[in-house]
Amino acid sequence: MIQGRMKAGMTLGFAYETGLALATTLALLAVLPAQTVPSWLWISLLIPPLAAYLHRHSKTLGSGVTTLAGFLILLIASAFGIQGGLSVLVEVMTATLIGFLALRLLSRNEPRHDIQALLMGFLLFLAGSILQPTLVYGLLFIAFSLAVIWALLTHNLVTGGLFREEELSEDEKESIKKHVLARRDIITPRFLSIVAVLALLILASTVVLFASFPRIGFGRFGFSRQRGISLPQSVSLGGGSMAGGSGEVVARIYGLSYARFERGLYLRGPVFDILKKEGFSRSHKDIAGAPSQLGLHPQGEPFEYEVFLQPVTTKILPILGPSRGVFVIRGGKLHPSMPIRTIGVNAYSEVLTAEPLRGPVRYKINGYFSENGAASGLLNSFSLTTSQREHFLKLPSDQDPRILDLVNELLSQKQKSHLKAAVFSDYLRNNFEYSLAQPNAFESDPLAAFLFDDRRGHCEYFAIAYATLLRQAGIPARVVGGYAGGIWDPKDKIALFRSSDAHAWVEYFTPESGWIQDDATPASTQLPQILTGLAAWIERMERRWDDNIVDYGLSHQLGAIESVYLGLKELGKGDQKGDLLKFRNIPSWVFWLVAAIIGLAFSLWQSQRLRSFHFFGRRVQHDQSLILAHAIIEAIRKQGLLEEHYESQTMRTIINHCLTNLSSETKSREASDLLVRSLKIYEYMAFAEGETSIIKIVSIQKELKRWQKS
Amino acid sequence: MWERAPRQIEFTKSGKSIIAIAIAVGLAALNTGNNLLFLGWGLVLAGIVLSGLLSESAIRPLLIRVLGPKLARVGDPGALIVRLHNKARRTPSFAIETALELTGPDATRQKVRAPFVFLLRAGDDSQSAARFVAQSRGYWQIQTASLATAYPFGFFKKKKRIVGAELGGGFWVAPARVAVDSDLQKLRSIIGEAQAGRVGRGDEFFGLRPFQQGDDPRHIHWRRSARSGRLSVIETEADEGTLVVLELAAPGSNAEDKREAALAFLGSLAERLLENGVGVGVLAPGLWLTPDFGAFQTERILLALARFSYEAQERPLADKRSIYTRILVGPEGVEKVLGAGGRA
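If you're matching them up, the sequences are chains A and B in order. So the first sequence is numbered by numbering that gives the first Met the number 0: it starts at 0 and just counts up by one. So the second sequence is numbered by numbering that gives the first Met the number 0: it starts at 0 and just counts up by one.
If you are wondering where the hints come from, they were derived from the structure by calculation, not from laboratory data. Among these hints, one or two may not hold up.
Stated by the list, open to error - Result set (EDC-like, lysine to aspartate or glutamate): computed pairs, CA atoms no more than 20 Å apart in a straight line:
{"no.": "1", "chain 1": "B", "residue 1": "Lys69", "chain 2": "A", "residue 2": "Glu682"}
{"no.": "2", "chain 1": "A", "residue 1": "Lys492", "chain 2": "A", "residue 2": "Glu261"}
{"no.": "3", "chain 1": "B", "residue 1": "Lys12", "chain 2": "A", "residue 2": "Glu109"}
{"no.": "4", "chain 1": "B", "residue 1": "Lys86", "chain 2": "A", "residue 2": "Glu682"}
{"no.": "5", "chain 1": "A", "residue 1": "Lys275", "chain 2": "A", "residue 2": "Glu442"}
{"no.": "6", "chain 1": "B", "residue 1": "Lys86", "chain 2": "B", "residue 2": "Glu96"}
{"no.": "7", "chain 1": "A", "residue 1": "Lys172", "chain 2": "B", "residue 2": "Glu96"}
{"no.": "8", "chain 1": "A", "residue 1": "Lys276", "chain 2": "A", "residue 2": "Asp170"}
{"no.": "9", "chain 1": "A", "residue 1": "Lys276", "chain 2": "A", "residue 2": "Asp546"}
{"no.": "10", "chain 1": "A", "residue 1": "Lys679", "chain 2": "A", "residue 2": "Glu669"}
{"no.": "11", "chain 1": "B", "residue 1": "Lys69", "chain 2": "B", "residue 2": "Asp215"}
{"no.": "12", "chain 1": "A", "residue 1": "Lys363", "chain 2": "A", "residue 2": "Asp546"}
{"no.": "13", "chain 1": "B", "residue 1": "Lys110", "chain 2": "B", "residue 2": "Glu100"}
{"no.": "14", "chain 1": "A", "residue 1": "Lys701", "chain 2": "A", "residue 2": "Glu669"}
{"no.": "15", "chain 1": "A", "residue 1": "Lys637", "chain 2": "A", "residue 2": "Glu702"}
{"no.": "16", "chain 1": "B", "residue 1": "Lys15", "chain 2": "A", "residue 2": "Glu109"}
{"no.": "17", "chain 1": "A", "residue 1": "Lys176", "chain 2": "B", "residue 2": "Glu96"}
{"no.": "18", "chain 1": "B", "residue 1": "Lys110", "chain 2": "B", "residue 2": "Asp182"}
What the hints assert, rightly or not - Simulated DEER-style distance windows between Cβ atoms:
{"no.": "19", "chain 1": "A", "residue 1": "Ala203", "chain 2": "B", "residue 2": "Glu9", "range": "25 to 35 Å"}
{"no.": "20", "chain 1": "A", "residue 1": "Val196", "chain 2": "B", "residue 2": "Asp105", "range": "24 to 34 Å"}
{"no.": "21", "chain 1": "A", "residue 1": "Lys172", "chain 2": "B", "residue 2": "Leu230", "range": "33 to 43 Å"}
{"no.": "22", "chain 1": "B", "residue 1": "Lys335", "chain 2": "A", "residue 2": "Arg636", "range": "27 to 37 Å"}
All residues carry an ideal CB built from backbone N, CA and C; glycine is no exception.
Excised from the complex, chain A in its bound form (with noise of 0.2 Å):
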């Protein structure tokens, strides 16, 4: 059997080295994804499994070559965060972090090394929740606690066996580790069951630990990472589209219907008004105005929506059109609990907020709908005073001369701004290909290269094209940045924007409508995104994530308290069974549950309370010798018999004590003979574990409960 049982699962040491490798590997992939790790520290993936290759073979690095690797490390990653400042401190530390991982894995020699690389990789998995806080994240958090409880599970079982006997020659000691490592009695499919309901006990108490912690605090010293690629800070010709980015989602729009999503959805941010050769920046003053003459045009009805946006902005809350009011629900800061605060909307009509966004921002905007092209029937008559139209004429004082001969040669008849606008747009959508390539940007003048040779670009190229157009004909214009188009889900009537979908659109100005919302670029005309299959599987369960770990906050907390307060009120009041389903955010069958849970636990805890009793000072279960041996020492006590420190002393000792200092009368003599009887059964159970009626037991009891009164 015992044969049987030693063929039955792996070796100890196997299973050892495997959690080990297996924790620092997924440790390892919390950080590399990031962005903002160099991609060639991906190559420490082989670190783990050659390092437990090694470790098998009994190769390790030696202490000095460590040491010296390890100030190496230090050295470099000084010199870069000297270089980088606090901003690359996070990947600095990271990178050093798993270099010392790196070498600590390589040169484990003693069980306590193994504990450091734990806790090196459970450092770096931090390091994760801010360099990568995605699902991803949270997938590899559920792997990595597993791994971990494998790890140290395992490393308690080998380090008890193997590091116990001091005294033992070198020789010994190798021959009792590898006796230990080979045994195969212990990784059994029982004890893998344990570990699976060990697991899931551990995960059940961080989620309700996690829901718990109070979320309070200063929120004043931290780090972020933003998740996707940011907007830029301005729109040009030199650098990378700004659609280049990850599919990632970056901004979640709730309360739309499919027919608003149809038309198409541009989530406006900041607002360029500065034309360079090299592009479109912003002004470093805002520019004397109003909303009525620098900002949108509300048009159609005013409708409720909520945004759910990652830090892509710096301090503006892009909006779907002008805004009539802005609530910030909750986050904005490194600090989800603490909402951002809101200053107002500009002559641009942007949001602006107090402080650069830092964490993920929720918020509900009273507003209107911006479509691209002027509204149909508006004649309000709208006007610039003559600096404002300067500036949004303003053009590069060595702008291609070829730029006003094609303005004039597409402008023959058109009088009209939107018209002449019309015509531009067309001309570029028609004759221009999209493309995410960057054929252009390294030419002299990569707008004129656009325009007259290459006739390929990306959204940026379009924008400055045709915001350079207007000007050139005398319509002041200026480029907006965010994002448009996004993708559709059926199921919960969301709007999407993903890293992707990041774009740069015009804004031109007509004394007939005021500013208006314009796109040249071809791409902008593709039919609506839907999201369906396995992405949309994926998305929800960001969204899920998003909602409920990275987004949970003191309004979640204080809701679920008002939410059982509510619930726990209405049901004093005595209301009907269907009233608990008020509790507004939590089912009733948790509340039923968690009862369930306190009602057990309570009664487990009367039940073993009853059955117990204290024997020496410490609780005892029901033990039948431990119960006949208080009753012996209870009656001795009652008899003053019981000497000092009788603690330490044998059952037989007790007695004899007792038995010397009993007087010769005839009592005295039945009390000995109890005692000796006593002893005797209560060795007979206790030490040869012998079985005695409980009708004896209970006899004998009852004899020195009368002796103890006597």
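Take the given structure of chain A and dock chain B to it, following the hints.
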């Protein structure tokens, strides 16, 4: 009543590190509100809390019984049999460390550790030997036993202390084994006589009795043992041999080491003489053992010496010592041989 905590908790190095990390991560999480740090903090704290619960579940159902050796010798490696029983119905216990605290006759304390138990399945027993070396003669008591486990994560070691009344008593330690070869040479004439008159322990069948520790395995009656299921040994009738009485000389000084040396010498000499087929008895203040042969007599003598106290004043009857060859033994060895020896 003397009260003490039911469990003692001792933090390991990794436990201290994890507590430090928990505090640091907790402060960072509370300050920054980074929910993923809260998640990490939750994991660490859940690990610590569940570690406490699981170590309790591993250690609570364990029962321990410790059996001392029948007779140990000062300076000789001895073994205490540590028997663990897991009375849990389902949950196995892992990584169990057992430490015993022994109290010697002069109130000296000695800690003894039993081998590490990796796994004790629910309802299973484990038996192991805890090695120890007694430093003084007399009664050694198993004072306390502590069962400890660092299961599951090795963050801290939880100990359960079991006091003497639950353990199983103590054991006697006989005087040390010392070299008596040179003195045996002096007594060659006595040993020679014994060897001349004896062939083994005798050839005549005397009876059967259960096997006991110290019996020669060659004397096991296998057929009887197989039938009864218990080991039985053949007892043969002893041939006639030399009988001597080892008499403890009156101590020249009250120095403890001298007194103990005399006892150690007496015990070792008796043992060697008995091995050589001489019948040995012992005479000392308060102690009289009639000369006899064999392993039983060795055991009797050593046990008597283990229990011997110089404080005992009672003298044995004079006629009991006059009929045997008396060898007077002191701390330095054989001091004198009295009488020509009488055959039993």
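Here's how the hints hold up against the structure:
| no. | hint | verdict |
| --- | --- | --- |
| 1 | B:Lys69 - A:Glu682 | 18 Å, holds |
| 2 | A:Lys492 - A:Glu261 | 12 Å, holds |
| 3 | B:Lys12 - A:Glu109 | 13 Å, holds |
| 4 | B:Lys86 - A:Glu682 | 19 Å, holds |
| 5 | A:Lys275 - A:Glu442 | 15 Å, holds |
| 6 | B:Lys86 - B:Glu96 | 17 Å, holds |
| 7 | A:Lys172 - B:Glu96 | 18 Å, holds |
| 8 | A:Lys276 - A:Asp170 | 78 Å, violated |
| 9 | A:Lys276 - A:Asp546 | 43 Å, violated |
| 10 | A:Lys679 - A:Glu669 | 15 Å, holds |
| 11 | B:Lys69 - B:Asp215 | 17 Å, holds |
| 12 | A:Lys363 - A:Asp546 | 15 Å, holds |
| 13 | B:Lys110 - B:Glu100 | 5 Å, holds |
| 14 | A:Lys701 - A:Glu669 | 14 Å, holds |
| 15 | A:Lys637 - A:Glu702 | 14 Å, holds |
| 16 | B:Lys15 - A:Glu109 | 18 Å, holds |
| 17 | A:Lys176 - B:Glu96 | 17 Å, holds |
| 18 | B:Lys110 - B:Asp182 | 36 Å, violated |
| 19 | A:Ala203 - B:Glu9: 25 to 35 Å | 28 Å, holds |
| 20 | A:Val196 - B:Asp105: 24 to 34 Å | 50 Å, violated |
| 21 | A:Lys172 - B:Leu230: 33 to 43 Å | 36 Å, holds |
| 22 | B:Lys335 - A:Arg636: 27 to 37 Å | 55 Å, violated |
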